[in-house]
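With the hints as constraints, model all of the structure from the sequences given.
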Amino acid sequence: MKRTVKITVNGVTHTDEVEPRLLLVHYIREVLGLTGTHIGCDTTNCGTCTVLMNGKAVKSCTLLTVQADGAQFTTVEGLAKDGQLHPIQEGFWEEHGLQCGFCTPGMMLTAVDLLQRIPDPTEEQIRWGIDGNLCRCTGYQHIVNSIQYAAKKLRGETPRKVAR
Amino acid sequence: MAVSKLFGASIKRREDPRLITGQATYTDDLQLPGMLHAQIVRSPHAHARIVRVDTAAARRHPGVVAVYTGKDLEGKLNPIPTAWLVPNADLKTPPHPALAVDVVRYAGDGVAVVLAETLYAARDAAALVQVQYAQLPAVVDQEQAVRDGAPQVHADVPRNVAFTWRVAGGDADQAFAEAKRDGVVVAQRFVNQRLIPNAMETRGVVARYNSGAGELTVWYTTQNPHIARFLMSVVTGIPEQKIRVIAPEVGGGFGSKIPFYADEAVVVFCARATGHPVKWVEDRRENYVATIHGRDHITDLEIAARKDGTITALRGKTWANLGAYLSTAAPGVPTILHGLILTGCYTIPNLSYEVLGVFTNTSPVDAYRGAGRPEATYLIERMVDLVAGALKMDPVDVRRKNFIKREQFPYTTVEGLTYDSGNYEPALDKALEMVGYQKIRDFQKQGPKDNRYLGVGLSTYVEICGLGPSAVAGAVGFQGGLWESATVRLHPTGKATVFTGASPHGQGEETTFAQIVAEELGLPIDDIDVVHGDTGAIAMGWGTYGSRTTVVGGAAIVVAARRVKEKAGKIAAHMLEASEADITFDQGRFSVRGSPDRSKTIQEVTLAAYLAWSLPAGVEPSLEASAFYDPSNFTFPFGTHVAAVKVNADTGEVELRHYVAVDDCGRVINPLIVDGQVHGGLVQGIAQALWEGAVYSPEGQLLTGSMMDYAVPRAHMFPMFTTARTETPSPHNPLGVKGVGETGTIASTPAVVNAVLDALRPLGVTHLDMPLTPQRIWNAIHAKTRR
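In the order they appear, the protein sequences are chains A and B.
Numbered by our numbering, the letters in the first sequence go through residues 930 to 1093 in order.
Numbered by our numbering, the letters in the second sequence go through residues 54 to 840 in order.
Please note: incorrect hints may appear among the correct ones.
[Claimed, not checked] Straight-line Cα separation of at most 27 Å, DSS-like style, residue types lysine-lysine; simulated pairs:
1) B:LYS699 <-> B:LYS445
2) B:LYS65 <-> A:LYS1082
3) B:LYS492 <-> B:LYS445
4) B:LYS445 <-> B:LYS837
5) A:LYS1081 <-> B:LYS445
6) B:LYS145 <-> B:LYS124
7) B:LYS295 <-> B:LYS233
8) B:LYS458 <-> B:LYS483
9) B:LYS498 <-> A:LYS1010
[Claimed, not checked] Ranges between beta-carbon positions, derived for each pair:
10) B:PRO787 <-> A:ASP1060: 40 to 46 Å
11) A:THR973 <-> B:PRO674: 56 to 62 Å
12) A:VAL941 <-> B:GLY265: 36 to 42 Å
13) B:ARG459 <-> A:GLN1013: 32 to 38 Å
14) A:ASP1011 <-> B:GLU127: 56 to 62 Å
Note that these hints are calculated values from the structure, not bench results.
As the structure is a computational prediction, the values presented were derived from the model and not from experiment.
Note that the Cβ used here is the ideal one computed from N, Cα and C, for glycine as well.
In structure tokens form, the structure reads like this:
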């Protein structure tokens, strides 16, 4: 028994017939073909599939597509605007916030949500803020630096690279 | 970017733009026309006879195209081989069928495979495959497995002993006898718990077979596509030249994507049998049981020392759990990569050590970041601390006393390795200074505050890296070479493509390799692309593991680049009408010595090489060169790590306060990337010390079978790490580099455990096995205080 959903992703509205059990992450990846959103677990632990739903970070493996009916989403593909990287993307690039890149889209979207709520986070707030996202490569330190870089940039300050 | 001094610069990674914009293509991102989805049905039992497999209901399920069982595959695929036949160890290699036929040997063993038009249909139908099992007794503990009457994992492997391997030198028994008379002997049992790699991307394969051309294309989450092609050919019988293995973006490996797994052979079989492209991607729960695990040693070890702290001997035995089947590199990990570095960075003249490799009814165990070397480092670094404790000496002093001294290099160890270079004291001094070692010791003397005990722990490690010389690989039974290939190809417009047989998957060599070539040839870095991970484009190579990519792959690249430069120099001399001997090269420009105005850029020379209108005699057109670089030795990175912790005696919690890593990985191409490698390794090693560990029930059920149950560490669990370096270039590597991919994991585990046990010393706790969870620590404290 398929249901019709109307979902806006990165500013484009899609109307699709979906199985009620279709996970949002599968809708995003398989139906819309936006494969920048990844799947890293099946227990809502890793955060790799994080997207912004109506501006808030959610794990798209734990939502059914039908629950997302009418919602607005941002995925990693929608972060850069007009060829300009989002400050969080710039931060991850500048500060080596990624290695294999698999957790990165989810990590960046979680960080975007965090910085909306806390524009000037402490290191501790960043570490707890990204606690729902796992990274097995970086040891998190450069991710913290990347988010600090983005925070500065979003506040209109000139980010200074961490001394190295 | 300016061309000067790229080598050594913290430039941003060139692979990042596609990764941060969602434009990278990982295996699961591929969609091919007509592609089917595979779901593997796995055994829920650790050990059972397969009585009957009924696939009728699964076949009837809408969208299902085919279902195959182990019997269907019998005779169609060769057994899955192990590729490390360790010699002089009486190694047993029982057959490993791609899908189980009669007996399942671990919970997760593949039994059948379902192919359907959608992933959801495949998963639904997999649940409809009815397998009737007759359960058999299982064994999960390697020590129990070798006892009389233990369940037999393989009928033809008595007492489950896969191999018995020994390393010895000097006269350990004599040294122990002396130490007993006039010195100190410390004995300790160590459990190096089983770990689960947890690369964020699970394993996956997309296979397409074109029967008209007889060609197989496989997109594969592998760290070593050429080895995968080699073994794929062996197992499937498809000729090697007809197989193309592509490692697209790979989302982390940590060793778990080295092996050639049964699942991949099954998927290839399905693609051939159905005529459709087939995709198979593990879900995470499947990854926990079907992808290799790491570590899992039980060791009884003794150390002998004189009263002044001079260590004279090590003696002991390790039971290494190998799981149910021998994975690709499994026999080499607890032997060659472990036992040959047991004496670490110390001049210990006597050694006697035995390793039993043991089959159990658990997931196969193979190389996990560090692979054998973390286990060895853990043993020796813990033992040195225990000697210090027994002699009431500072662990720093025991280390200094036993270090191989700078003037002793090249130093041949009792295991027979030749450490080519080292200078251990400066790294130790630097780390102690950075952490404020004396200050911590002074604080400690004031006693605990609020029942919180301060501890500081060291690890002065050395690794075997840059795997490795092929002659040695052969001598130790590795069924492959360990050289690496490179091609540096300049194009008519003066741009370059670099091909490497290594297969980086997050380590950043698209950047560091471009830095090497930019530095050598004076090209702008943006004019250089690095291509890896495609057997259709790249000459045979051996892949990325063992901290070898930059060491061996990078060396191949610099050799190839120098060949390009040499040829370009000949052409430049011809163009400038000068003798080759009079040509100088600097920052991308060939000049005539003494007449700097007579010069040609490398781009001009490249175009001339391609146009070939006028080349010097004997010089062929085009400008490219290849190299197959085989190192003359391993590299031996070293360093000192220091952890400072506070242990809350009320709760057993450990707070990691400060962590200093001083590493010597030789010359550094990109410090930012090196720091990233160290940080990532630290987190994995620290997590082993404090949190991670696979747990099996006695019946062989993996109790830590998901991210809910297994402690993959999170960001809040760590402080900011302090990293620093000393620089002792590898004397034999053309770049002077030594490798840094595994350092953090190898060094950090004992540093943290030593720190925690240093904190617990006033409470009478001298040893605890990992992970040092609050429960374990609290129980240890209270067991002591109850007495």
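Structure-based check of each hint:
For the hint linking LYS699 of chain B to LYS445 of chain B, the alpha-carbon distance of about 21 Å falls within 27 Å, and the restraint holds. Restraint check for LYS65 of chain B and LYS1082 of chain A: the C-alpha separation of about 18 Å stays at or below 27 Å, so the hint holds. Restraint check for LYS492 of chain B and LYS445 of chain B: the C-alpha separation of about 19 Å stays at or below 27 Å, so the hint holds. Restraint check: the Cα-Cα separation between LYS445 of chain B and LYS837 of chain B comes to about 20 Å, which is no more than 27 Å; the hinted pair holds.
Distance check on the hinted pair: LYS1081 of chain A and LYS445 of chain B sit about 51 Å apart at the alpha-carbon level, beyond 27 Å; violated. Our distance criterion of 27 Å between C-alpha atoms is met by LYS145 of chain B and LYS124 of chain B, whose separation comes to about 24 Å. For the given pair, LYS295 of chain B sits about 64 Å from LYS233 of chain B by alpha-carbon distance, which is inconsistent with the 27 Å threshold. Taken as a hint, the LYS458 of chain B and LYS483 of chain B pair is honoured in the structure, with Cα atoms around 17 Å apart against an allowance of 27 Å.
The suggested pairing of LYS498 of chain B with LYS1010 of chain A is violated, with an alpha-carbon distance near 58 Å, which exceeds 27 Å. In this structure the hint that PRO787 of chain B and ASP1060 of chain A lie 40 to 46 Å apart at CB holds, the actual value being about 44 Å. Checked against the given bound of 56 to 62 Å, the beta carbons of THR973 of chain A and PRO674 of chain B, roughly 59 Å apart, stay inside it. Separation of VAL941 of chain A from GLY265 of chain B is about 39 Å and conforms to the stated range, judged on CB atoms against 36 to 42 Å.
The given range of 32 to 38 Å is broken by ARG459 of chain B and GLN1013 of chain A, whose C-beta atoms sit roughly 52 Å from each other. A beta carbon spacing of about 59 Å between ASP1011 of chain A and GLU127 of chain B agrees with the range 56 to 62 Å that was offered as a hint.
In this structure, the earlier hints numbered 5, 7, 9 and 13 are contradicted, and the remaining ones agree with it.
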